[in-house]
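J.: Order-wise, the sequence lines are chains A and B. Using our numbering, you'd call the opening residue of the first sequence number 1 and step up by one each time. Using our numbering, you'd call the opening residue of the second sequence number 1 and step up by one each time.
It is possible that some hints are incorrect.
[As the list claims (entries may be wrong)] Chain B is faced by these chain A residues, among others (derived, beta-carbon under 7 Å):
#1 A31
#2 D33
#3 A34
#4 M196
[What the hints assert, rightly or not] EDC-like cross-link-like pairs, simulated, lysine to aspartate or glutamate; straight-line CA separation at most 16 Å:
#5 K210/B x D106/B
#6 K170/B x D106/B
#7 K386/B x E372/B
#8 K334/B x D240/A
#9 K177/B x E198/A
#10 K204/A x D6/B
#11 K405/B x D379/B
#12 K391/B x D282/B
#13 K18/A x E53/A
#14 K234/B x D106/B
#15 K42/B x E125/B
#16 K334/B x E198/A
#17 K170/B x E414/B
#18 K350/B x E361/B
#19 K191/A x E141/B
#20 K484/B x D30/B
#21 K319/B x D242/A
#22 K392/B x D282/B
#23 K319/B x E190/A
#24 K29/B x D106/B
#25 K42/B x E190/A
#26 K315/B x E333/B
#27 K350/B x D255/B
#28 K412/B x E333/B
#29 K185/B x E198/A
#30 K405/B x E361/B
#31 K315/B x D242/A
#32 K191/A x E70/A
#33 K29/B x E116/B
#34 K275/B x E414/B
Since the hints were derived computationally from the structure, they do not count as laboratory data. The C-beta atom is built at its ideal place from N, Cα and C for all residues, glycine as well.
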Amino acid sequence: MCRPAINSIHDSGKGRQKMRTVIVYKWARNAEDAAVRSDGSVDWRNAKMTAGEDDFAALDAAKAIAEGSELIGLTIGDGDASWALARGVLQATSVFDAPNLTDNASTAAIIAAAVQQIGSVDAVVIGDSEEYSGVPVALAGLLGWPAIAHVSSASTANGRVQIVRKQGKNEQTISIAAPVVVAVSAASAEKAAPGMKEQLAARKRPITKLTLDTIGVNRADKVACKGTRLPEVTAARIFDGDPALAAEQLVAALRDQGVL
Amino acid sequence: MTEKFDAQYDVVVIGGGGSGLSAAVQAAKDGLTCALLEKENKTGGSSAFAEGHAAFESDEQEKRGIKVTKAEAYAAFLNYSHWRCDAGVVSRFVENAATTIKKMRDEVGAVYEGVEICAPDQPGELVTWHLPEGEVARVIELLEADARRRGVDLFLSTSATKILRGDDGKIKGVIAKDADGQVVKLGAKAVVVGTGGFAASPAMINKYFKFKIGERLINVGGPGNTGDGINMMKEIGAVENSNIGCLLLFAVMRDKTITSHVNNAGMQPYLWVNKHGQRFTDEIVGLNFGHIGDLMAGLPDSMYWCILDQNHIDKLVNKGNEVGLGIYVHNYEKLINLPGELEADAVDEKRTNVYKGETVEELAGKIGVKPEVLRAEVDEYNGYAKAGEDKKYRKDPKYLHPCVKGPFYAIKMETGIMISMGAMKINDRMQAVDANGDAIPGLYCVGCDAGGLFGESYQLTIPGAANGFALTSGWLSADDVAEKVKAGAL
Numbered sequence: 001m002c003r004p005a006i007n008s009i010h011d012s013g014k015g016r017q018k019m020r021t022v023i024v025y026k027w028a029r030n031a032e033d034a035a036v037r038s039d040g041s042v043d044w045r046n047a048k049m050t051a052g053e054d055d056f057a058a059l060d061a062a063k064a065i066a067e068g069s070e071l072i073g074l075t076i077g078d079g080d081a082s083w084a085l086a087r088g089v090l091q092a093t094s095v096f097d098a099p100n101l102t103d104n105a106s107t108a109a110i111i112a113a114a115v116q117q118i119g120s121v122d123a124v125v126i127g128d129s130e131e132y133s134g135v136p137v138a139l140a141g142l143l144g145w146p147a148i149a150h151v152s153s154a155s156t157a158n159g160r161v162q163i164v165r166k167q168g169k170n171e172q173t174i175s176i177a178a179p180v181v182v183a184v185s186a187a188s189a190e191k192a193a194p195g196m197k198e199q200l201a202a203r204k205r206p207i208t209k210l211t212l213d214t215i216g217v218n219r220a221d222k223v224a225c226k227g228t229r230l231p232e233v234t235a236a237r238i239f240d241g242d243p244a245l246a247a248e249q250l251v252a253a254l255r256d257q258g259v260l
Numbered sequence: 001m002t003e004k005f006d007a008q009y010d011v012v013v014i015g016g017g018g019s020g021l022s023a024a025v026q027a028a029k030d031g032l033t034c035a036l037l038e039k040e041n042k043t044g045g046s047s048a049f050a051e052g053h054a055a056f057e058s059d060e061q062e063k064r065g066i067k068v069t070k071a072e073a074y075a076a077f078l079n080y081s082h083w084r085c086d087a088g089v090v091s092r093f094v095e096n097a098a099t100t101i102k103k104m105r106d107e108v109g110a111v112y113e114g115v116e117i118c119a120p121d122q123p124g125e126l127v128t129w130h131l132p133e134g135e136v137a138r139v140i141e142l143l144e145a146d147a148r149r150r151g152v153d154l155f156l157s158t159s160a161t162k163i164l165r166g167d168d169g170k171i172k173g174v175i176a177k178d179a180d181g182q183v184v185k186l187g188a189k190a191v192v193v194g195t196g197g198f199a200a201s202p203a204m205i206n207k208y209f210k211f212k213i214g215e216r217l218i219n220v221g222g223p224g225n226t227g228d229g230i231n232m233m234k235e236i237g238a239v240e241n242s243n244i245g246c247l248l249l250f251a252v253m254r255d256k257t258i259t260s261h262v263n264n265a266g267m268q269p270y271l272w273v274n275k276h277g278q279r280f281t282d283e284i285v286g287l288n289f290g291h292i293g294d295l296m297a298g299l300p301d302s303m304y305w306c307i308l309d310q311n312h313i314d315k316l317v318n319k320g321n322e323v324g325l326g327i328y329v330h331n332y333e334k335l336i337n338l339p340g341e342l343e344a345d346a347v348d349e350k351r352t353n354v355y356k357g358e359t360v361e362e363l364a365g366k367i368g369v370k371p372e373v374l375r376a377e378v379d380e381y382n383g384y385a386k387a388g389e390d391k392k393y394r395k396d397p398k399y400l401h402p403c404v405k406g407p408f409y410a411i412k413m414e415t416g417i418m419i420s421m422g423a424m425k426i427n428d429r430m431q432a433v434d435a436n437g438d439a440i441p442g443l444y445c446v447g448c449d450a451g452g453l454f455g456e457s458y459q460l461t462i463p464g465a466a467n468g469f470a471l472t473s474g475w476l477s478a479d480d481v482a483e484k485v486k487a488g489a490l
């Protein structure tokens, strides 16, 4: 895949460069929506693509990078595409027939192809999902761009993307030239969801609908799941009744197991 | 001119408790577009506090060898209420409650851990209490997830303020205030109201309940149950059920949680006296928390003192209680936290609901009762205990334990409320009706906003009835909406 040209445009009025930014959201299902049956099978029923726990923070970072520039929402699959449009994004693109895929690289391929379809993008911001951790780096690889992961916040300065991320107890600030993939980890949940009026209005905002065919991606999953089983569980023992006696029994049990 | 709405749905559900979520999920299954408005920032309402729900002839009962027939349950509802319940509403609930178990398990994902009774030693109690893993709070989580997956629009922190009814008499929408304070107007062919009753509205309790104790009641249910749906329905012509004052009351300590062992000790059927120090009933009424709630609401200051001696306390700690409080304190549980909790409460001068006295007379002085009155009551009670016969209130001798060994404790129990349950008159399709008894086209009323299941009192002998009705009335209402929408009647 060719490295696309950098499309930074100098904004003489503000002394900063514009960053055409894509925020990727609702690109996976939430595992908590799956029902695990007693035989170990996993029933996804009609679980839809949903906003990930990092999507809120990613959107904040994307807004900061795009400040004053074009910010485009990108979602894949069957989730409600108006999520970003209710949160200050003015236009969105949806690859609405994208399936949920087990293979992270295949998911990244769909997102990468959609980013290229949007064109002239400087920064792609995406949630740094623990569950689908391969997607942001695979996306960067497919685009041929650098990726910065575990990001806590981002902005722009002097035509470059400024990124802050936590490294253990330390905070690291990185300055990088566009284009770049920024994978953001959320430190907390969304503080205030938009109200009903805003959510309903968002549904009337423009959404460009793409299909896998129009972006030239094969829908086949490269990973086939052969089955699932329940994890091994160890029975819990409860020591109750008289506190002193229960404590003695607990200590004896811990000694018996070699813990103490 | 066509009226302008911010959005148009087949059905708008007001209230995101058990009944509202059940309605919303079923509406989506039936192919209807649906929005659910919940004024709190989370779903659940009072259902989030429920432990289980009632059903009859369910497969969960059958596989445990439990037989409670629909006919038996139907008769129990009618007899308990002195036939003041609505026979049509009861019949529909009894017929469909077992289907609710199947729906919650097979379609929503709930797992039932047991089917039990609630209170020990309660004559005629039916084994109907279906207990889901994680209690009903888990069912609520599953229902909410299912609703979202099925495309229901859930709007939290959004209060419905008005139901719109057209000149043709049909429901046409809802006005609401959203989380940002914006006014939103939704079009709808039907509105299902399940706002949880009025347990959190002292003014409505004073208006509808026999005793005017609204300000004094301790509400342990949802803070949002302020009767919003009832008032909105009345504004457009719906009428009240004759048993609108039916409340689920119980004995509870102010400033204590329902898991407190002192609180549970105060419910035990030992020696109780009223505000003036007089014994007033057979204390086994405490084995049924619904009965004691109804009784104490009419006592002076709607409270009683439970008098315990050291022998009572030793028994509760070492052998266990006589009655628990649902799953929060189990029946026959050893109240191991009781001594420490009692001592801490008794020495805390800020607390006015636990007192300790080395003698009965000292205790009487602390609780504001004439010492000679309490002394006389204790002596009379001890005489009955010694004789093994309670000649005054005929209490079962197994609960007659003398009050002789100091120190003595007094625990103040006040009247708490979980939910109100009798509000609006509905028909057996869960439709709200007008003063002529005619259904208001498109207006449905479910859960604790709906009247008809009970008479003047909650029926604890069919444990889980209120929550079973909430979950069942919800989906029944949605099915009726779907039928009428598809027939072009709405």
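J.: Hints first: check each against the structure and report whether it holds.
T.: Consistency of the hints with the structure:
{"no.": "1", "hint": "A31", "verdict": "violated (12 Å)"}
{"no.": "2", "hint": "D33", "verdict": "holds (6 Å)"}
{"no.": "3", "hint": "A34", "verdict": "violated (10 Å)"}
{"no.": "4", "hint": "M196", "verdict": "holds (4 Å)"}
{"no.": "5", "hint": "K210/B x D106/B", "verdict": "violated (42 Å)"}
{"no.": "6", "hint": "K170/B x D106/B", "verdict": "violated (35 Å)"}
{"no.": "7", "hint": "K386/B x E372/B", "verdict": "violated (21 Å)"}
{"no.": "8", "hint": "K334/B x D240/A", "verdict": "holds (10 Å)"}
{"no.": "9", "hint": "K177/B x E198/A", "verdict": "holds (12 Å)"}
{"no.": "10", "hint": "K204/A x D6/B", "verdict": "holds (10 Å)"}
{"no.": "11", "hint": "K405/B x D379/B", "verdict": "holds (13 Å)"}
{"no.": "12", "hint": "K391/B x D282/B", "verdict": "holds (10 Å)"}
{"no.": "13", "hint": "K18/A x E53/A", "verdict": "violated (28 Å)"}
{"no.": "14", "hint": "K234/B x D106/B", "verdict": "violated (37 Å)"}
{"no.": "15", "hint": "K42/B x E125/B", "verdict": "violated (34 Å)"}
{"no.": "16", "hint": "K334/B x E198/A", "verdict": "violated (54 Å)"}
{"no.": "17", "hint": "K170/B x E414/B", "verdict": "violated (45 Å)"}
{"no.": "18", "hint": "K350/B x E361/B", "verdict": "violated (22 Å)"}
{"no.": "19", "hint": "K191/A x E141/B", "verdict": "violated (21 Å)"}
{"no.": "20", "hint": "K484/B x D30/B", "verdict": "holds (12 Å)"}
{"no.": "21", "hint": "K319/B x D242/A", "verdict": "holds (12 Å)"}
{"no.": "22", "hint": "K392/B x D282/B", "verdict": "holds (8 Å)"}
{"no.": "23", "hint": "K319/B x E190/A", "verdict": "violated (49 Å)"}
{"no.": "24", "hint": "K29/B x D106/B", "verdict": "holds (14 Å)"}
{"no.": "25", "hint": "K42/B x E190/A", "verdict": "holds (14 Å)"}
{"no.": "26", "hint": "K315/B x E333/B", "verdict": "holds (11 Å)"}
{"no.": "27", "hint": "K350/B x D255/B", "verdict": "holds (11 Å)"}
{"no.": "28", "hint": "K412/B x E333/B", "verdict": "violated (21 Å)"}
{"no.": "29", "hint": "K185/B x E198/A", "verdict": "holds (13 Å)"}
{"no.": "30", "hint": "K405/B x E361/B", "verdict": "holds (13 Å)"}
{"no.": "31", "hint": "K315/B x D242/A", "verdict": "holds (14 Å)"}
{"no.": "32", "hint": "K191/A x E70/A", "verdict": "violated (24 Å)"}
{"no.": "33", "hint": "K29/B x E116/B", "verdict": "violated (31 Å)"}
{"no.": "34", "hint": "K275/B x E414/B", "verdict": "holds (11 Å)"}
Hints 1, 3, 5, 6, 7, 13, 14, 15, 16, 17, 18, 19, 23, 28, 32 and 33 from the earlier list are contradicted by this structure; the remaining hints agree with it.
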